[in-house]
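There are 2 protein chains.
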Amino acid sequence: MSIKTPFVAVDGIIQLFDSNENFQGIVLIERKNPPLGLAIPGGFVEIGESVENALVREMKEETDLDVEIIRLLGVYSDPKRDPRFHTVSIAFVCKAYGSPKAQSDAKEVRVFKIEDIPFDKLVFDHAKILRDYLMR
Amino acid sequence: MSIKTPFVAVDGIIQLFDSNENFQGIVLIERKNPPLGLAIPGGFVEIGESVENALVREMKEETDLDVEIIRLLGVYSDPKRDPRFHTVSIAFVCKAYGSPKAQSDAKEVRVFKIEDIPFDKLVFDHAKILRDYLMR
Chain U
1 MSIKTPFVAV
11 DGIIQLFDSN
21 ENFQGIVLIE
31 RKNPPLGLAI
41 PGGFVEIGES
51 VENALVREMK
61 EETDLDVEII
71 RLLGVYSDPK
81 RDPRFHTVSI
91 AFVCKAYGSP
101 KAQSDAKEVR
111 VFKIEDIPFD
121 KLVFDHAKIL
131 RDYLMR
Chain F
1 MSIKTPFVAV
11 DGIIQLFDSN
21 ENFQGIVLIE
31 RKNPPLGLAI
41 PGGFVEIGES
51 VENALVREMK
61 EETDLDVEII
71 RLLGVYSDPK
81 RDPRFHTVSI
91 AFVCKAYGSP
101 KAQSDAKEVR
111 VFKIEDIPFD
121 KLVFDHAKIL
131 RDYLMR
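Taken in order, these protein sequences are the chains called U and F. Take our numbering: the last position of the first sequence gets the number 136, and nothing is skipped along the way. Take our numbering: the last position of the second sequence gets the number 136, and nothing is skipped along the way.
For reference, chain U alone in the conformation it holds in the complex:
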């Protein structure tokens, strides 16, 4: 049986809080690999791991944060959303505490207040994903 399906990835909208539960902002990364630009942290799901485990792993790898998943936001699968190849992304809303640090997969990690998110700098369909998040 020869099955070919799109790649599966996860993306996480990380709501960052301080230890007093004060909202600090949304965590975005400056991508190290093409397409270059600002992105919601995320990555590919590995064979053998659930999408939830992939999300927690990828958030740690890119931002050093230990996230808690709050809810599934949506599934983004337009064949043109990733300029490299067809990738289906499962987007989650999550929560974390502490200070993010850019890890191997990210050039830089930044925290944005809702009103300061630079929608025009976002790669893929991440502006759409963030708008969907803000409108629910």
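A hint or two may mislead.
Note that identical chains are pooled: a pair holds if it fits in a single copy or bridges any two copies.
[To be verified] Calculated cross-link-like contacts (lysine to aspartate or glutamate; reagent style DMTMM-like; alpha-carbon spacing at most 20 angstroms): (1) 80 with 49; (2) 4 with 61; (3) 80 with 52; (4) 4 with 82; (5) 60 with 108; (6) 121 with 21; (7) 128 with 49; (8) 4 with 105; (9) 4 with 52; (10) 80 with 64.
These aren't lab readings, by the way, just hints derived from the structure by calculation. For clarity, every value in this text was computed on a predicted model and none was experimentally measured.
Position chain F relative to chain U; hints supplied.
For chain F alone, kept in the frame of chain U given last:
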């Protein structure tokens, strides 16, 4: 770049109505291929199609019904949910009118009232998916 991710599939909980908007039941199929048993209709997403288009195509191919998507139910990705290989399934709730007919991919199509769904006959994690649907 060598990327390997799980396969992506879609599954649809079809709420069937008659032309007077009377609920007829949930559409399930008797699988033609292993694992044999009763299943929510579904299938693999093709490269180049969105998960929503894959859902509409697969429902037509298996039941002959033209479905309308109502909402995303969830993403099911336990590596052990499919005994053959790791498949991530995106499950939708949808709606259709008319009479289902078993098409090429299904041996038989059946319509069950909620209280008559034979949970113990369902393959994969479809009993769990149906329970999640009924509990929301």
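Looking back at the hints listed earlier, which ones does the structure fail to meet?
The structure conflicts with hints 6, 10, although it agrees with all the remaining ones.
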